[in-house]
Each structure stands twice: as C-alpha cells, then as structure tokens.
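Read top to bottom, the protein sequences are chains S and C.
One point on numbering: in the working numbering, the residue at position 188 of the first sequence is 188, and numbering is uninterrupted.
One point on numbering: in the working numbering, the residue at position 116 of the second sequence is 116, and numbering is uninterrupted.
In case anyone wonders, no lab produced these hints; they're calculated from the structure.
Beta carbons are placed, not taken as given, at the ideal position from N, Cα and C, and that holds for glycine.
Keep in mind that the hints are not guaranteed to be accurate.
[Unchecked claim] Per label pair, the in silico range of CB-to-CB distance:
1. Ser93(S) <-> Thr258(C): 54 to 62 angstroms
2. Phe128(S) <-> Asp128(C): 26 to 34 angstroms
3. Ser93(S) <-> Val173(C): 35 to 43 angstroms
4. Pro110(C) <-> Trp13(S): 37 to 45 angstroms
5. His86(C) <-> Val54(S): 31 to 39 angstroms
6. Arg19(C) <-> Ser93(S): 27 to 35 angstroms
7. Gln214(C) <-> Gln174(S): 39 to 47 angstroms
8. Ala111(C) <-> Val119(S): 54 to 62 angstroms
9. His195(C) <-> Ser93(S): 42 to 50 angstroms
10. Thr168(S) <-> Thr258(C): 49 to 57 angstroms
11. His86(C) <-> Trp13(S): 20 to 28 angstroms
[Said to hold, decoys possible] Chain S is faced by these chain C residues, among others (derived, beta-carbon under 7 angstroms):
12. Ala75
13. Arg77
14. Ala82
15. Leu84
16. His86
17. Phe101
18. Trp127
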Amino acid sequence: MLTDIFILIWKEWKEVFLQRSSGRMGLLSLLIFVGMFGIFFPLQSGVEWLTTPVSMAIAMWMPIFLVLGLVTDAFAGERERHTLETLLASRLSDTAILFGKIGAGVAYGFTFALVTLIVGAITINIAFPAGGFKFYAPALFFGGLAFSLLACLLVASLGVLVSLRSPTARVAYQKLSIVMLVIVLLPTLLLPLLPENTRLSLQLALQNANWNTIILVAALVLIGAVVILIAAARARFQRAKLILD
Amino acid sequence: MTAVAIRTQNLTRTFETVRAVDGISFEVPPGIVFGFLGPNGSGKTTTIRLLLGLLEPTSGSAEVLGFSTATQSDAIRQRCGALLEHTGLYERMTAEDNLEFYGRVWHLSPAERQQRIHELLAAVGLWDRRKEPVGNWSRGMKQKLAVARAMLHRPQVLFLDEPTAGLDPLAAVALRDELATIVRQQGITVFLTTHNLTEAEKLCQQVAVIRQGQLMMIGSPDELRLRQGGSRLEIVGRGFTEAALSVLRQQPQVKEVTHQDQHITITLQDEADTAPLVPLLVAQGVQIDEVRRGKASLEEVFLTLMEEDKHVD
C-alpha cells in the first residue's frame with residue numbers, strides 16, 4: 001500500500017514540476033516563493049526571526065497556496081485530461097489512489113515549508129553572524145512544522161474532496177479558493193459586527209489564555225477536521241461514480 | 001489458466017431510462033482475439049467497464065479469469081491491461097516516463113521495467129522518441145504508446161476499446177499489424193471492441209455483434225458469414241439479359257441475384273452446387289470473363305444484421 005502511495009506521489013510530482021518547468025514563469029515562481037519567505041522576510045525581521053512565532057505562522061500558511069494548486073488538479077485535472085479512467089482501470093486500490101493524491105499535495109507543501117525555514121535560518125546566520133550557528137528553538141521549530149503539516153493535510157484533503165466533485169481543475173480551484181477566502185475573511189468580517197462588550201471579553205480571554213491549551217485545542221480541531229474530510233473523500237471515491245461523472 | 005477467460009451471464013446495465021447492456025451472455029476462450037462489434041452507442045464501452053469492475057451491473061453477472069467482477073474486481077484489474085476510450089497518457093510526461101509510471105504501478109522491478117519498456121517501444125517503433133513529451137505526438141503514435149502501456153505488465157487479458165478509432169488508414173493498418181504481431185508473440189486473450197469490420201476480420205478468431213445493448217450473433221468470422229450471408233458466386237461478363245437472369249433465379253440453389261454493370265452476384269443456398277450455373281448462363285447467350293466463388297464479407301454480415309434489426313424495430 002505504502003509503495004503504491006509513493007508511486008502516485010512520484011507521478012504527481014513529476015507532472016507538477018514538468019508543468020512548472022514548461023510555463024513562462026516556470027520554476028522561477030517557486031524560487032521567488034522561497035526567496036520571499038526564506039530570505040526577504042528573515043532579513044527584514046533580523047535575528048528575531050529565529051524566535052518569533054511569526055516565522056512559524058508563515059511556515060504554516062505559506063504552503064497552503066502551493067498545496068491548493070496541486071490538489072485541485074488531483075481528480076478534476078485527470079478527468080479533464082482523460083487520464084482518470086486508465087488510472088482507475090489499473091491495479092491501484094482506492095485507498096492508494098486517494099492517499100497518493102493527498103500525500104502528493106502534503107509532501108509538496110510541507111517540503112517547501114521545511115526548505116523555506118532552513119533557508120531562513122541560513123540567511124539569518126549569514127546576514128547576522130554572531131558566535132556559532134543559530135537555529136530556531138526546538139519547541140518553536142517542531143511545533144511550527146507540526147502545524148504546517150496539519151495545515152497541508154487539511155488543505156490537501158479538502159482540495160481532493162472538492163476535486164472529486166468538480167468537472168475541471170479550474171472549477172475545483174475556484175471552489176476551493178472561495179472556501180479558503182471564507183475561512184480567512186469570515187472572522188475578520190464578523191469580528192467588528194460583535195457587540196463591544198463581547199469583543200472586549202474575547203480580547204481579555206485571549207490575553208489571559210493558556211497558550212499551550214489553545215495550541216493543543218487548535219491541533220485537535222485541525223486533526224478532527226482532517227479526519228472528517230478524509231472520511232468524506234473516502235466515501236466519495238467510487239470508481240463507478242468517478243467514471244460516470 | 002482458466003478454461004474460459006471471460007464469461008457473462010445475462011449481464012445488464014441500465015442508466016436511468018437507457019439500457020446500455022441488455023442481458024448479454026457469452027464466453028471467451030483464453031488465448032484468442034475476441035472482437036466485440038457494434039455501432040457507436042451500442043454498449044461496447046459499457047461492457048468493457050463492466051468487465052473491468054469499473055461499473056456495477058444492474059443485473060446478471062460476469063467473470064474474468066474466474067474472478068467475479070462484482071466482488072473481485074481488484075484481482076481482475078491486477079491481471080488485465082486496458083486501452084480505453086481515451087489513451088490515458090500523461091501528455092506532459094515523456095513516453096518513457098508514462099511507461100515507467102505504469103511499470104511501477106504494476107510493481108515491475110527496475111531491471112524488468114527497463115527491459116520491457118525497451119522491448120515494447122522498439123516493437124511499436126517509438127524507441128527513438130522515448131524522451132519526447134507525448135503531448136505533441138500524433139494520435140497514431142499515442143495509440144501505439146497506449147497499447148504498449150496496456151501490455152507492459154504482461155496481462156493475461158487485454159481490453160482494447162476501438163484502438164484504431166480516429167486514425168488515418170495508414171496509421172490504422174500499421175497499428176493493427178503491430179497489434180497482431182505483439183498479441184501473437186505474447187499469447188494473451190484480447191477483448192477488442194471495434195466498428196471497423198476489416199480490423200475484426202483480420203485480427204479476431206471470434207466475434208460477437210452487439211446492437212442497442214443486445215447480443216445479435218456470436219461465432220468465428222467464417223461462421224458468421226456462413227450463417228448470415230451464405231456463400232455466393234460472382235460472375236463478370238457481358239450479355240446479362242433479363243431473360244438470362246430470370247432463368248437463373250428459378251434455379252433451386254439460387255437465393256438471390258443482383259446485377260450491376262458487367263457483373264452479377266448470386267447468393268446461394270447452403271451447400272449449393274454451382275457447377276451447372278455457368279453452362280446455364282452460357283446457354284442463355286452470356287459471355288463469361290471471370291467466375292469467383294466467395295463468401296459475404298463480415299461487413300456485409302454486419303450491415304445485414306443492423307438492417308434486420310431496424311426492420312424488427
């Protein structure tokens with residue numbers, strides 16, 4: 001099973017890099033991405049980059065956009081390019097295909113998050129040399145990576161679910177972008193609508209909150225959401241349905 | 001190997017109001033090329049999808065290599081190869097990468113993959129172009145590559161859904177010849193759907209004719225020709241007068257006579273003795289240049305079947 005998942009990841013990566021290398025911007029866009037989050041922001045932030053949670057928040061958000069493009073193409077793109085039926089007629093199991101598609105997105109986003117964080121640390125050490133090699137605090141680094149992984153998993157499983165239900169990759173991308181926009185913008189739009197005293201009590205609660213508990217709850221919520229989305233995608237993945245769609 | 005490669009029993013698949021496959025029952029012995037003939041929309045592709053376990057039947061059952069399509073479709077797909085309606089090639093990837101991917105999917109070892117990719121690409125004349133992305137290739141080249149991909153893991157049964165559809169005549173002949181060679185070398189069972197009768201005639205040891213989801217006829221191309229068209233005599237010459245043709249039509253061994261320009265076609269009763277017919281025509285003043293005895297082509301059988309069914313409708 002694991003071998004099959006890795007085989008599918010190999011194919012997805014091969015396709016995505018070939019697509020990128022054939023485009024006008026090509027792989028340059030990926031380098032710009034790494035340059036922005038791995039060099040520019042760390043240089044702006046200075047040595048603090050290695051201790052501030054902002055770097056980890058970026059590590060969590062940044063890969064989401066990379067995963068988004070890849071996973072929406074997962075099934076809708078194969079359907080659009082008429083390669084899906086041949087893939088479904090192969091010996092690969094439903095689970096291997098589904099997890100291969102999700103895994104490709106997660107591995108893609110997570111690898112870039114990891115590379116960007118490491119490039120960021122190297123940038124700080126080169127730009128601000130002092131003593132030996134400095135790196136992120138272990139708790140911050142591993143915590144950031146764990147949340148980055150969860151964020152990638154969340155977007156990948158949501159993206160694959162949307163892709164399963166979309167006729168083309170473009171439609172899947174549009175649908176998922178709207179969902180992401182709602183998730184990001186809704187709190188920003190709703191917060192000012194809350195009564196003044198509610199907002200104050202919320203602010204107070206956040207100031208006095210135990211951050212360890214909040215992080216733990218956030219992680220559990222993310223894991224729960226990932227489990228639900230994967231279960232939904234698993235239920236939706238039916239060869240007959242995919243072919244007739 | 002099982003005694004029967006493919007077996008269906010009252011296999012039926014309905015899509016809302018349309019009965020795409022309507023209670024078909026047939027058996028395909030192993031090691032032959034089995035042609036599944038029918039016009040567009042007759043249920044050929046749906047039958048392949050049912051046999052591969054990609055669709056569930058509404059009723060009836062099917063087995064491929066002894067495995068039930070309803071409960072053991074994974075085992076079927078493990079042992080079969082397929083070239084479906086579309087080539088299914090990843091167009092951004094090179095020919096070699098396409099085969100490499102499916103070689104990995106079927107767990108061929110790296111050495112086996114390398115050897116098999118070389119063998120198949122050479123067989124279809126694409127070895128020199130293996131490093132090219134397939135997106136810019138002609139349809140014929142893509143079809144050849146797709147055939148190679150379908151055969152990569154040495155399947156026991158190969159499903160080919162109209163492999164020469166959309167190809168120009170030269171490309172179609174080339175692909176057909178290569179297909180025949182490869183199939184002969186590998187000795188596998190091939191389930192081939194087509195509406196190209198020449199293709200079926202050249203490649204298939206057995207054929208079944210399907211129309212509107214129903215099986216019309218099954219047998220070897222020769223059996224079909226005999227059963228449907230019987231044997232016939234073609235005579236080229238001059239002086240085919242109405243009187244001569246009328247005398248000819250009265251003969252007990254003659255079923256039908258058609259006259260066109262300087263030749264007539266006589267459809268004969270089964271086991272008919274044709275020897276007296278030529279002297280009879282000569283006696284009627286016909287000058288005979290050439291006499292050919294033959295059978296109806298599969299195309300004629302097919303067209304007759306389609307016509308008969310239209311009349312029934």
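Taking the hints in turn, this is what the structure says about them:
no., hint, result
1, Ser93(S) <-> Thr258(C): 54 to 62 angstroms, "holds, 58 angstroms"
2, Phe128(S) <-> Asp128(C): 26 to 34 angstroms, "violated, 55 angstroms"
3, Ser93(S) <-> Val173(C): 35 to 43 angstroms, "holds, 39 angstroms"
4, Pro110(C) <-> Trp13(S): 37 to 45 angstroms, "violated, 18 angstroms"
5, His86(C) <-> Val54(S): 31 to 39 angstroms, "violated, 48 angstroms"
6, Arg19(C) <-> Ser93(S): 27 to 35 angstroms, "holds, 31 angstroms"
7, Gln214(C) <-> Gln174(S): 39 to 47 angstroms, "holds, 43 angstroms"
8, Ala111(C) <-> Val119(S): 54 to 62 angstroms, "violated, 38 angstroms"
9, His195(C) <-> Ser93(S): 42 to 50 angstroms, "violated, 34 angstroms"
10, Thr168(S) <-> Thr258(C): 49 to 57 angstroms, "holds, 53 angstroms"
11, His86(C) <-> Trp13(S): 20 to 28 angstroms, "holds, 23 angstroms"
12, Ala75, "violated, 9 angstroms"
13, Arg77, "holds, 5 angstroms"
14, Ala82, "holds, 5 angstroms"
15, Leu84, "holds, 5 angstroms"
16, His86, "holds, 4 angstroms"
17, Phe101, "holds, 5 angstroms"
18, Trp127, "violated, 21 angstroms"
Of the numbered hints given earlier, the model fails hints 2, 4, 5, 8, 9, 12 and 18; all others are met.
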